[in-house]
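Chains Z and X, in that order, give the protein sequences.
Just so it is clear: in the first sequence, position 154 is 154 by the working numbering, and no numbers are missing.
Just so it is clear: in the second sequence, position 83 is 83 by the working numbering, and no numbers are missing.
Worth double-checking, as some hints may not be accurate.
Taking lysine-lysine and the DSS-like style, the derived pairs with C-alpha atoms no more than 30 Å apart in a straight line are [what the hints assert, rightly or not]: (1) K48/X to K219/Z; (2) K2/Z to K222/Z; (3) K5/Z to K73/X; (4) K215/Z to K48/X; (5) K213/Z to K5/Z; (6) K5/Z to K215/Z; (7) K73/X to K213/Z; (8) K48/X to K222/Z; (9) K2/Z to K215/Z.
Incomplete in silico selection of chain X near chain Z, CB under 8 Å [to be verified]: (10) D35; (11) A40; (12) V51; (13) L70; (14) D71; (15) V74; (16) L77.
Source of the hints: derived by calculation from the structure; they are not laboratory data.
Glycine residues also receive a C-beta, built at the ideal position from the N, C-alpha and C atoms.
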Amino acid sequence: MKWWKYLTIVLLLYTAVMGLLGHVPRLAILNETERNLYFHVPMWFGMTIILLASVVNSIRYLRDPSPRLDILAHESAKTGIMLGVLGLLTGSLWARYTWGTWWTTDVKLNGAAVTMLIYLAYLVLRGAVQDEQQRARLSAIYNIFAFAAAIPLLFIMPRLASASLHPGMGGNPGFSKYDLDSAMRLVFYPAVIGWTLLGVWITEVACRFAFVKEKIYEKQEKQLA
Amino acid sequence: MKNKKNNWLSRAFALLLPLLLLAGTALAQATTTADQPEMADALRASGKIYVVVLVIVIIISGLLLYLVRLDRKVSRLEREVEGR
Numbered sequence: 001m002k003w004w005k006y007l008t009i010v011l012l013l014y015t016a017v018m019g020l021l022g023h024v025p026r027l028a029i030l031n032e033t034e035r036n037l038y039f040h041v042p043m044w045f046g047m048t049i050i051l052l053a054s055v056v057n058s059i060r061y062l063r064d065p066s067p068r069l070d071i072l073a074h075e076s077a078k079t080g081i082m083l084g085v086l087g088l089l090t091g092s093l094w095a096r097y098t099w100g101t102w103w104t105t106d107v108k109l110n111g112a113a114v115t116m117l118i119y120l121a122y123l124v125l126r127g128a129v130q131d132e133q134q135r136a137r138l139s140a141i142y143n144i145f146a147f148a149a150a151i152p153l154l155f156i157m158p159r160l161a162s163a164s165l166h167p168g169m170g171g172n173p174g175f176s177k178y179d180l181d182s183a184m185r186l187v188f189y190p191a192v193i194g195w196t197l198l199g200v201w202i203t204e205v206a207c208r209f210a211f212v213k214e215k216i217y218e219k220q221e222k223q224l225a
Numbered sequence: 001m002k003n004k005k006n007n008w009l010s011r012a013f014a015l016l017l018p019l020l021l022l023a024g025t026a027l028a029q030a031t032t033t034a035d036q037p038e039m040a041d042a043l044r045a046s047g048k049i050y051v052v053v054l055v056i057v058i059i060i061s062g063l064l065l066y067l068v069r070l071d072r073k074v075s076r077l078e079r080e081v082e083g084r
């Protein structure tokens, strides 16, 4: 097993223990739920990084097509979508107990939801095309569109909005540099790295499985021919 | 002689005073948690929080172990396909 997989295990166990036992500032409304910072927010960090890897592999595919690059892009997108869905679910639950509602028409929330729908359409598109090469090319082009739409939806539009409940937005005090204290940073950054590495690990195993499957099919075709 | 001794005492007190003040503020903080935002202090005081920590550690360990086993299985499959 590679070294970074051991690092993933250590970081995730550290996150679980220190995330619950570590010091957090006493904040009104949030109370103990601010510990969700170590679990909800890393989902989005991980999703963004893995979706970036996906679009990079899609661009590489378009420059020099190969089944390998298509698999890398596809499996990365799937892991990214999974992390995004977990982010939406945990965010919704957190909102219920701090904002008092499961969902609200907030730029950040709607942007995240639209991003997930755009990426679900990527999977639908892949499922709709029979021919392998056509599927790979079409979905690589669509992936570039999806990523180009996701970045403004997640990171630009919410920041342009004048008001938002979600932290880190215009005029809203949240986990900004003012109240994310140094004790929380000591858990938050390892948590981000740990959860992102877990996503990378899952993607790596899924890709290797797909490569082996590809190889077996190739051999079967050769035997038939 | 007497003056010198007094001087020493006042210096020692000047050194101790900030420490005493610090201890005082710490005690004051400890006693005024009731006015501050409510946290799960009882869960921590009773030690039951460790049960939650252990449950989460067991779940994460189990899932990671499952992933490690999947990883190994794929490795074995890779060797088999390459070997033939």
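Quick rundown of the hints versus the structure:
Using a Cα cut-off of 30 Å, the hinted pair K48/X and K219/Z is violated, with the two alpha carbons roughly 57 Å apart. Among the hinted pairs, K2/Z with K222/Z is inconsistent with the structure: their alpha-carbon atoms are about 33 Å apart, more than 30 Å. Using a Cα cut-off of 30 Å, the hinted pair K5/Z and K73/X holds, with the two alpha carbons roughly 16 Å apart. Distance restraint check for K215/Z and K48/X: the Cα-Cα separation of roughly 52 Å exceeds the 30 Å cut-off, and the hinted pair is therefore not satisfied.
Taken as a hint, the K213/Z and K5/Z pair is honoured in the structure, with Cα atoms around 23 Å apart against an allowance of 30 Å. For the hint linking K5/Z to K215/Z, the alpha-carbon distance of about 25 Å falls within 30 Å, and the restraint holds. Restraint check: the Cα-Cα separation between K73/X and K213/Z comes to about 13 Å, which is no more than 30 Å; the hinted pair holds. At roughly 62 Å between alpha-carbon atoms, K48/X and K222/Z are farther apart than 30 Å, so this suggested pair is violated.
Restraint check for K2/Z and K215/Z: the C-alpha separation of about 23 Å stays at or below 30 Å, so the hint holds. Nearest Cβ of chain Z to the Cβ of D35/X: about 10 Å, over the 8 Å cut. The hint is violated. Below 8 Å, beta-carbon pairs count as interface contacts, and A40/X has one with chain Z at about 5 Å; its hint therefore holds. Against a cut-off of 8 Å between C-beta atoms, the interface hint on V51/X is violated, since the closest Cβ of chain Z lies about 11 Å away.
Below 8 Å, beta-carbon pairs count as interface contacts, and L70/X has one with chain Z at about 6 Å; its hint therefore holds. With 8 Å as the threshold, the beta carbon of D71/X comes within range of chain Z, its nearest partner Cβ sitting at about 5 Å, so the hint holds. The criterion of a C-beta within 8 Å of any C-beta in chain Z is met by V74/X, whose closest approach is roughly 5 Å, and the hint holds. The interface hint given for L77/X is met, as the beta carbon of that residue sits about 5 Å from the closest beta carbon of chain Z, less than 8 Å.
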